[in-house]
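**Q** Each chain, letter by letter, is given below.
Number of protein chains: 2
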Amino acid sequence: MDEFKFIQSITPKYYHQSSIITGIGDDAAIIRQQQSDTVIAMDTMVESVHFSEKTTSPYHIGYRALAANISDIAAMGGKVTAYLVSIVIPKRWDEEKIRDIYRGMNDLAAHFQMDLIGGDTVSGSQLTISITVIGSVKNDQARYRGDAKPGDYIFVTGTLGDSACGLYVLLHGEREEQDEFKYFINRHQMPWPRISFIQECQQIKRMALNDVSDGIANEANEIAEASQLLLELDYEKIPVHQDLRKFPKHQQYNWSLSGGEDFELIGTVPAADWEILEKAAERTKTSITKIGEVKDIKEKNGSAWIYHENQYRKLERSGYTHLKG
Amino acid sequence: MDEFKFIQSITPKYYHQSSIITGIGDDAAIIRQQQSDTVIAMDTMVESVHFSEKTTSPYHIGYRALAANISDIAAMGGKVTAYLVSIVIPKRWDEEKIRDIYRGMNDLAAHFQMDLIGGDTVSGSQLTISITVIGSVKNDQARYRGDAKPGDYIFVTGTLGDSACGLYVLLHGEREEQDEFKYFINRHQMPWPRISFIQECQQIKRMALNDVSDGIANEANEIAEASQLLLELDYEKIPVHQDLRKFPKHQQYNWSLSGGEDFELIGTVPAADWEILEKAAERTKTSITKIGEVKDIKEKNGSAWIYHENQYRKLERSGYTHLKG
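Order-wise, the sequence lines are chains A and B. Sequential numbering of the first sequence, starting at 1, is according to the numbering used here. Sequential numbering of the second sequence, starting at 1, is according to the numbering used here.
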């Protein structure tokens with residue numbers, strides 16, 4: 001594979017963002033963002049750890065990797081500007097497949113008018129994609145996990161458990177089932193980061209925010225911990241797609257709370273701002289659901305609890321404390 | 001390995017840079033840089049491709065990986081602010097060694113007052129370190145490869161070929177030789193990016209600049225191509241350490257022109273600015289050498305030539321057009 005030609009082939013012909021002063025082609029990229037702060041996140045996905053060609057085509061591998069990063073910017077209340085991609089390419093991955101990975105990223109990036117401005121291509125034994133995404137947020141408009149207050153409503157966008165269900169169907173489903181549950185497969189392969197919705201919420205002064213990457217059991221706990229308050233959820237209110245009800249109850253439970261990778265947003269807002277939130281959801285055709293409230297109960301602060309089968313249980317984090325396998 | 005504890009252990013207790021509004025701990029980091037542009041570079045190093053534990057300790061693996069990235073910011077005329085690290089960790093690398101990698105990065109970062117603000121830790125089969133470095137450059141003070149003009153003097157900082165010689169001694173030298181040539185080993189393991197020097201050159205209005213990562217045979221050609229001019233070098237003037245003369249002539253030639261990884265700077269400045277450059281070098285205790293001149297010769301523009309053994313030869317790029325192996 002000719003690296004020089006390959007880089008030429010992925011170099012944008014023009015940049016969407018006027019803030020990009022230099023993109024690919026020199027030692028580093030240069031961005032000028034005025035009156036706003038720069039938001040930066042970096043994520044790495046490894047073949048056979050985070051994805052597999054069995055369930056995810058190269059195009060979707062690229063798409064999902066970038067979606068996960070964009071979602072991190074949404075979770076800070078930002079919008080996206082640009083991204084850099086470092087890719088480790090094993091010999092058995094031919095150039096066509098690698099191009100497909102970049103096509104998947106590029107198609108998603110085009111929706112958000114974001115530009116590829118740098119990165120690295122190197123050889124190695126395991127396909128690894130590291131993405132750095134750069135966004136912007138107006139000065140002092142960033143959304144932190146630690147900003148919840150007692151009395152806040154807890155909301156989540158979209159439906160949960162879709163991605164985990166889609167992966168399950170891809171791994172275990174027969175052809176027929178895969179057709180029947182195509183919705184979930186699509187949600188797994190092409191998640192949609194909630195940038196537009198969160199941009200419409202700028203009128204709301206304070207909001208705690210997180211994105212659903214590991215499952216809300218985890219993210220609700222992160223908000224609870226950062227805010228040192230109790231997040232009380234109601235399992236009955238967790239929004240799931242109607243077809244998820246066709247699966248056994250324990251799977252619904254696990255997928256919707258701990259499945260992760262839906263890349264929806266979970267947040268808390270003052271009750272008085274609920275109407276603004278609903279209008280933002282309407283304008284951006286986003287479904288939102290109130291799933292609980294923030295409380296201040298000393299012995300429970302710092303954790304999330306969930307009402308399920310007539311009792312409150314502590315909502316344990318899922319698959320968090322060990323190195324992601 | 002407990003990821004949560006590990007991240008806690010590498011999270012800075014405080015940040016050097018006041019521009020860092022949020023570091024590790026939320027979905028993304030936030031930086032506020034006023035009156036300056038943001039410079040961003042991303043680089044990936046893979047075990048047994050870019051480094052080996054045989055020649056490089058975990059501490060030095062971390063140090064070098066970050067040094068390479070800082071050097072990219074220097075090559076744009078910038079100073080450094082922060083960095084993000086994504087690391088793929090194989091099972092056989094224990095936590096102590098991983099900590100040593102971060103120690104190496106941290107020690108170098110401390111010199112430049114730069115802060116670790118994010119990244120990712122994941123498992124995989126091959127140790128892979130991706131670093132994103134964020135810097136700043138005053139508005140319109142960036143140094144591009146395409147800014148050379150006819151008559152410019154070509155300069156290089158420090159001495160060249162040191163790193164390649166150091167690697168050679170590490171791989172082939174006996175114990176005694178390794179002691180004798182410790183200087184080169186040190187230069188290989190702990191290169192020093194030229195941030196301070198380039199910051200002292202701000203008075204110079206125009207400068208083409210590149211850093212010596214692949215060898216100046218490559219970087220001189222990059223400047224020549226971007227500027228569409230001829231870079232004419234004189235081999236006799238290429239600065240090398242006196243002890244490099246103890247090695248065979250062909251090794252001196254290859255190492256100094258194509259060895260790479262010295263992370264020195266090569267650039268071009270108007271002849272009238274040479275004195276300013278010399279003063280900047282003096283103030284920052286940097287050696288600089290004039291190694292040639294920029295010319296405008298239609299049939300040679302876009303390439304670099306070198307005077308060696310009484311004739312001018314075209315200086316071929318080295319190991320560039322194929323995926324870095």
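Just so you know, these hints were derived from the structure itself, not from any lab. Since the structure is predicted, the reported quantities are computational estimates derived from the model, not experimental observations. Heads up, the beta-carbon is just placed ideally off N, CA and C, and yes, glycines get one too. Hints are not guaranteed to be accurate.
Claimed, not checked - Label-pair ranges, simulated between beta-carbon atoms:
1) A:Glu316 <-> B:Met1: 16 to 22 Å
2) A:Gln251 <-> B:Leu171: 41 to 47 Å
3) A:Lys138 <-> B:Gln199: 28 to 34 Å
4) B:Lys285 <-> A:Gln8: 24 to 30 Å
5) A:Gly151 <-> B:Gln202: 25 to 31 Å
6) A:Gln251 <-> B:Gly25: 28 to 34 Å
Unchecked claim - Some chain A residues flagged as far from chain B (calculated, every beta-carbon gap over 10 Å):
7) Thr38
8) His50
9) Ser130
10) Tyr144
11) Lys314
As the list claims (entries may be wrong) - Footprint (simulated), chain B over chain A, 3 or more residues, beta carbon under 8 Å:
12) 94-105
13) 239-251
**Q** If a hint holds in the structure, say so; if it does not, say that too.
**A** Here is how each hint holds up against the structure:
1. At roughly 20 Å, the beta-carbon separation of Glu316 of chain A and Met1 of chain B lies within the given 16 to 22 Å, and the hint holds.
2. Between Gln251 of chain A and Leu171 of chain B the Cβ separation comes to about 55 Å, which falls outside the hinted range of 41 to 47 Å.
3. The hint said 28 to 34 Å for the Cβ distance between Lys138 of chain A and Gln199 of chain B, and at roughly 30 Å that hint holds.
4. A hinted range of 24 to 30 Å for the beta carbons of Lys285 of chain B and Gln8 of chain A is inconsistent with their spacing of about 40 Å.
5. For the pair Gly151 of chain A and Gln202 of chain B, the beta carbons lie near 53 Å from each other, so the given range of 25 to 31 Å is not met.
6. About 33 Å separates the C-beta atoms of Gln251 of chain A and Gly25 of chain B, a value consistent with the hinted range of 28 to 34 Å.
7. At roughly 5 Å from the closest C-beta of chain B, the C-beta of Thr38 of chain A falls inside 10 Å, breaking its exclusion from the interface.
8. For His50 of chain A, the condition that its CB be more than 10 Å from all CB atoms of chain B is violated, with the nearest at approximately 7 Å.
9. Listed as a non-interface residue, Ser130 of chain A fails to keep its Cβ farther than 10 Å from every Cβ of chain B; the least gap is roughly 4 Å.
10. With a least beta-carbon separation of about 6 Å from chain B, Tyr144 of chain A fails to lie farther than 10 Å from that chain, contradicting its non-interface assignment.
11. Interface exclusion of Lys314 of chain A from chain B stands, the closest Cβ pair being 18 Å apart, more than 10 Å.
12. Under a criterion of three residues with beta carbons nearer than 8 Å to beta carbons of chain B, the stated coverage of the segment 94-105 of chain A fails, only 0 such residues being counted.
13. For the segment 239-251 of chain A, the assignment as covered by chain B is violated, since 0 residues bring a beta-carbon within under 8 Å of that chain's beta-carbons and 3 are needed.
Of the numbered hints stated above, those contradicted by the structure are hints 2, 4, 5, 7, 8, 9, 10, 12, 13, listed in ascending order.
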